[in-house]
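Novice: Listed here are the chains, written in short residue letters.
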Amino acid sequence: MTRGNRAARYGWVAVVGVVLAAPAPAEDDITRALTTIKSVDREGKKNDSVGPAWRTLVAEGGPALLPTLAAIDDANPTAANWLRTAVDAIAEAEANASRPLPATKLEAFVKDTKNAPSARQLAYELLSKQDKSAPDRLLPGFLNDPNPDLRRDAIAAELDRLTKADPATAKPALERLFGFSRDKDQVDALVKKLGEAGVQVSVAEHFAFLTHWHLVGPFESEKGKALILSYPPEMATDLAATFPGKGGAKVGWKPYSTADKYGQMDLNKFLGKSMNAAAYARAVVNAESETPCQIRVGSPNAVQIFLNGKKLFEREEYHHGMNLDHHTGLGVLRKGENVILIKVCQNNQTDSWAQTWSFQARVCDATGGPLPGLTQVVLRGGQPVPLKLGESPEPDAILEGKK
Amino acid sequence: MTWYPRLLACVPLTLALTLPLIGADWGQFKGPNATGVSDEKALPLTWAKDQGVKWKAPLPARGVSSPVVVGDRAYVTCSSGKRDDRLHVLCFDAVTGKQLWHRQLTATGGTACHPKTCMAAPTPVADESGVYALFATGDLAAFDMDGTLRWYRSLVGDYPTITNQVGMAASPILAKGRLIVPMDNEGESFLAAVDTRYGTNVWKADRPKAVNWVTPLVREAGGKTEILLASPSGLAAYDLTTGEKQWIFKDGGGSIPTGVLGGDTLYLPGVGVTAVKLTDAGVAGEPVMKAKDVKSGYGSPLLYAGKVYATDGNGFISCADAKTGKLHYRERTKGVYSASPVAGDGKVYCLNETGVTTVVKADSTEFEVLATNDLGEEGLGTPAIARGCVFIRTDKALYCIGK
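So the protein lines, in turn, are chains D and Z. The opening position of the first sequence corresponds to residue 0 in numbering that gives the first Met the number 0, with each subsequent residue numbered one higher. The opening position of the second sequence corresponds to residue 0 in numbering that gives the first Met the number 0, with each subsequent residue numbered one higher.
These aren't lab readings, by the way, just hints derived from the structure by calculation. All figures in this text were calculated on a predicted structure; none of them were measured in a lab. Keep in mind that the hints are not guaranteed to be accurate.
Residues on chain D that point at chain Z, a partial pick, calculated with CB under 8 Å [to be verified]:
{"hint": "1", "residue": "ARG41"}
{"hint": "2", "residue": "GLU42"}
{"hint": "3", "residue": "ASN46"}
{"hint": "4", "residue": "GLY50"}
{"hint": "5", "residue": "THR84"}
{"hint": "6", "residue": "ASP87"}
{"hint": "7", "residue": "GLU91"}
{"hint": "8", "residue": "ARG314"}
{"hint": "9", "residue": "GLY320"}
{"hint": "10", "residue": "ASN322"}
{"hint": "11", "residue": "HIS325"}
Within a straight-line C-alpha distance of at most 30 Å, the following computed DSBU-like cross-link-like pairs (lysine-lysine) qualify [stated by the list, open to error]:
{"hint": "12", "chain 1": "D", "residue 1": "LYS183", "chain 2": "Z", "residue 2": "LYS395"}
{"hint": "13", "chain 1": "Z", "residue 1": "LYS81", "chain 2": "D", "residue 2": "LYS192"}
{"hint": "14", "chain 1": "Z", "residue 1": "LYS97", "chain 2": "D", "residue 2": "LYS128"}
{"hint": "15", "chain 1": "D", "residue 1": "LYS128", "chain 2": "Z", "residue 2": "LYS223"}
{"hint": "16", "chain 1": "Z", "residue 1": "LYS249", "chain 2": "D", "residue 2": "LYS224"}
{"hint": "17", "chain 1": "D", "residue 1": "LYS163", "chain 2": "Z", "residue 2": "LYS81"}
{"hint": "18", "chain 1": "D", "residue 1": "LYS44", "chain 2": "Z", "residue 2": "LYS223"}
{"hint": "19", "chain 1": "Z", "residue 1": "LYS97", "chain 2": "D", "residue 2": "LYS131"}
{"hint": "20", "chain 1": "D", "residue 1": "LYS387", "chain 2": "D", "residue 2": "LYS310"}
{"hint": "21", "chain 1": "Z", "residue 1": "LYS81", "chain 2": "D", "residue 2": "LYS191"}
{"hint": "22", "chain 1": "D", "residue 1": "LYS44", "chain 2": "Z", "residue 2": "LYS203"}
{"hint": "23", "chain 1": "D", "residue 1": "LYS310", "chain 2": "D", "residue 2": "LYS268"}
{"hint": "24", "chain 1": "D", "residue 1": "LYS170", "chain 2": "Z", "residue 2": "LYS81"}
{"hint": "25", "chain 1": "D", "residue 1": "LYS310", "chain 2": "Z", "residue 2": "LYS203"}
{"hint": "26", "chain 1": "D", "residue 1": "LYS128", "chain 2": "Z", "residue 2": "LYS55"}
{"hint": "27", "chain 1": "Z", "residue 1": "LYS208", "chain 2": "D", "residue 2": "LYS310"}
{"hint": "28", "chain 1": "Z", "residue 1": "LYS55", "chain 2": "D", "residue 2": "LYS44"}
{"hint": "29", "chain 1": "Z", "residue 1": "LYS175", "chain 2": "D", "residue 2": "LYS222"}
All C-beta atoms, glycine included, are put in the ideal place defined by N, C-alpha and C.
Start from the sequences and build out the full structure, keeping to the hints where you can.
Specialist: Structure (structure tokens):
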């Protein structure tokens with residue numbers, strides 16, 4: 000073989016190798032389209048390239064379905080909606096062409112909790128539309144699912160089954176189901192069912208509400224700017240410190256607790272009714288190890304959420320309803336003691352429905368469920384005492400700070 | 000290709016971009032420039048669930064937005080899920096009622112709201128090219144008439160402080176090829192003109208931080224096109240080309256119903272309906288008419304056949320002379336109204352919340368009820384009039400009423 004022949008042969012081998020190693024053209028188009036869609040920027044700045052990529056992806060049809068679902072996993076919320084509508088369009092086109100979706104692959108995708116919760120739910124719905132037996136087969140496995148809607152559907156189905164079952168045998172299953180429940184209406188329904196079965200459970204502990212706080216306030220909201228003003232307690236570490244409060248009054252930290260099952264803290268009751276004001280609530284949570292967490296707050300007032308001095312969230316809106324978990328601060332609890340600080344501001348509206356000054360707060364995982372290894376540290380006689388999150392206070396502790 | 004065929008090819012597009020929505024189309028909230036009036040004749044008078052209905056299409060979920068109809072396409076938005084975070088855009092064949100496509104988005108903004116409303120509250124706006132759907136979550140998507148996603152934006156992703164826990168409902172409109180997006184809220188408030196091709200901002204004008212449910216109006220003034228938007232701070236006018244504020248009329252404030260233009264007269268809801276004359280420079284002089292007993296609730300007033308009409312949350316239908324303000328009648332009917340009254344063919348259609356439409360004779364100063372038509376389903380969205388039919392969306396279905 001001459002040198003030239005060898006070179007030609009190696010050249011062919013190289014070409015064949017490249018061809019074999021390269022993705023199929025369609026696959027390559029899909030990958031490129033997904034990459035472009037996931038690069039979408041703020042204010043629609045890349046929409047001129049993302050739009051054509053969406054059309055390319057949808058034109059690939061059925062083969063693009065699973066890759067598009069999988070791409071939702073690490074997509075930002077804007078890109079996820081581009082991808083979500085692509086899944087709709089692909090599935091719709093396949094249905095119009097009477098081509099079944101790949102049921103086995105969809106089911107495997109749904110069952111793999113490493114996939115994005117929203118993509119799994121979408122896959123589940125596509126599968127259930129095609130295979131009417133899928134919900135009965137799959138829902139029992141979703142009782143502790145990271146996707147809130149799959150979990151909710153699973154709990155609803157199981158609760159319906161248990162409601163028809165013998166109450167004596169259903170009791171342990173109801174207790175187990177209560178542990179899985181996250182939505183307030185399902186929690187309330189299960190508390191009622193358990194009560195009928197003679198089992199008392201704590202809603203506050205279930206939701207991991209913070210029920211023991213040190214409060215300080217009120218502070219003057221100058222020109223109604225309480226939320227953007229930083230008051231001394233934000234930096235304070237000494238619970239014995241005092242501060243200049245509203246109207247020149249000297250205010251200091253005082254302990255208060257709540258026995259409300261949803262952890263409501265009524266600041267009008269504890270600090271005195273005050274308009275155009277700000278107050279701080281401080282709680283200490285001990286973590287056995289470093290733990291990612293969500294600090295979820297409900298309040299009809301403007302709020303800020305701090306963890307160990309770092310602001311996680313703020314929202315300036317007043318008296319537009321009070322919803323459990325409406326505000327969420329994402330943070331990481333460090334091993335040991337963590338200080339959670341909630342700033343709650345009241346405006347000067349005179350409407351009767353605008354007099355509420357309150358909040359509720361809890362610490363939970365991404366599903367709204369309890370985190371292991373957490374306790375709330377409460378001072379009793381000057382000594383730190385660990386309590387379960389949501390644990391009810393002793394009766395005389397509720398208004399302890401009033402003494 | 001020489002230059003003139005290209006130019007000719009651009010003419011239909013140019014016309015489509017410059018002409019307002021006219022004729023049989025009902026492309027936005029309350030139809031052409033939010034007048035609530037159709038020029039169509041032979042509109043239906045009587046119907047029931049199983050009578051006089053040309054077609055009925057089931058909807059996947061609730062919505063308080065109105066249907067819009069352009070050409071042979073009818074578009075509807077819905078929202079669903081325990082957290083109301085599933086956002087739906089549907090397109091139907093306006094002739095047959097066949098569902099042509101259905102796309103879903105996942106809410107990227109907050110979903111808290113008053114129980115009467117939901118995330119599908121802003122009415123979409125459509126033209127010959129497709130539909131632009133805005134949701135109360137700040138999710139904004141443009142689809143072509145065949146369901147291709149042209150562009151999508153998460154306005155809360157772009158401007159994270161957007162918030163209205165009562166629920167947003169102001170609707171986008173189209174003006175000379177630009178999408179006008181009202182986003183008055185407690186966070187970053189703005190009015191934006193968005194490029195319809197890619198969804199990028201052409202301009203974005205700061206607005207007062209306050210919740211507001213008013214939909215913008217369009218008018219020509221001094222060779223310019225102005226966008227009028229009322230809010231609790233007053234009625235402001237913006238140059239469509241630049242977004243610069245042209246003038247403000249502080250006495251023209253409002254936050255729920257949308258006013259109505261009749262030539263150079265603007266009828267503003269407030270304490271009843273007040274009419275003001277508009278010049279190129281803004282509002283001229285004192286009000287020219289006051290009809291204090293023509294009271295609106297959530298719905299917007301109607302100007303038709305020389306009269307102003309309004310319906311309210313106590314079930315009243317009111318009517319006054321549009322020039323003098325003299326009250327013709329104020330009559331109580333069963334139920335309460337959220338939808339705005341609309342009119343055409345000498346008939347005023349008043350849809351109440353339980354799905355009963357009271358049809359009132361327009362050519363009369365007496366309260367003459369021509370028909371009372373009950374669909375038996377919740378009806379909060381304002382009906383649309385197009386293609387000789389009345390389109391009503393309930394919480395369960397889209398009805399095309401007529402022949």
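Novice: Check whether the Cα positions of LYS183(D) and LYS395(Z) lie no farther apart than 30 Å.
Specialist: holds, 26 Å
Novice: Within a Cα-Cα threshold of 30 Å, do LYS310(D) and LYS203(Z) meet the stated pairing?
Specialist: holds, 29 Å
Novice: Are GLY320(D) and chain Z close enough, Cβ to Cβ, to be under 8 Å, as the hint says?
Specialist: holds, 5 Å
Novice: Holds or violated: THR84(D) as interface residue toward chain Z, Cβ cutoff 8 Å?
Specialist: For THR84(D), the interface hint holds, since the closest Cβ of chain Z sits about 5 Å away, which is under 8 Å.
Novice: Would you settle whether the hint for GLU42(D) is holds or violated, based on the nearest Cβ-Cβ distance to chain Z being less than 8 Å?
Specialist: holds, 5 Å
Novice: Would you check the hint for LYS170(D) and LYS81(Z), treating anything up to 30 Å between C-alpha atoms as holding?
Specialist: holds, 26 Å
Novice: Identify whether the interface hint at ARG41(D) stands, where standing means a beta carbon of chain Z within less than 8 Å of its own.
Specialist: Holds, because the Cβ-Cβ distance from ARG41(D) to chain Z comes to roughly 5 Å (cut-off 8 Å).
Novice: Does LYS131(D) lie within 30 Å of LYS97(Z) when you go C-alpha to C-alpha?
Specialist: Holds, at about 23 Å.
Novice: Interface hint check: ASP87(D), Cβ to nearest Cβ on chain Z, cutoff 8 Å. Holds or violated?
Specialist: Holds, because the Cβ-Cβ distance from ASP87(D) to chain Z comes to roughly 5 Å (cut-off 8 Å).
Novice: Just to be careful, I want the Cα atoms of LYS128(D) and LYS55(Z) compared with a cutoff of 30 Å; is the pair within it?
Specialist: Measuring from Cα to Cα gives roughly 22 Å; hence the hint holds.
Novice: Measure nothing beyond the straight line between the CA atoms of LYS81(Z) and LYS191(D); if it is 30 Å or shorter, mark the hint as holding.
Specialist: It holds: about 20 Å lies between the C-alpha atoms, which stays within 30 Å.
Novice: Check whether the Cα positions of LYS163(D) and LYS81(Z) lie no farther apart than 30 Å.
Specialist: holds, 24 Å
This entry does not satisfy hints 15, 28 and 29, going by the numbered hints stated previously.
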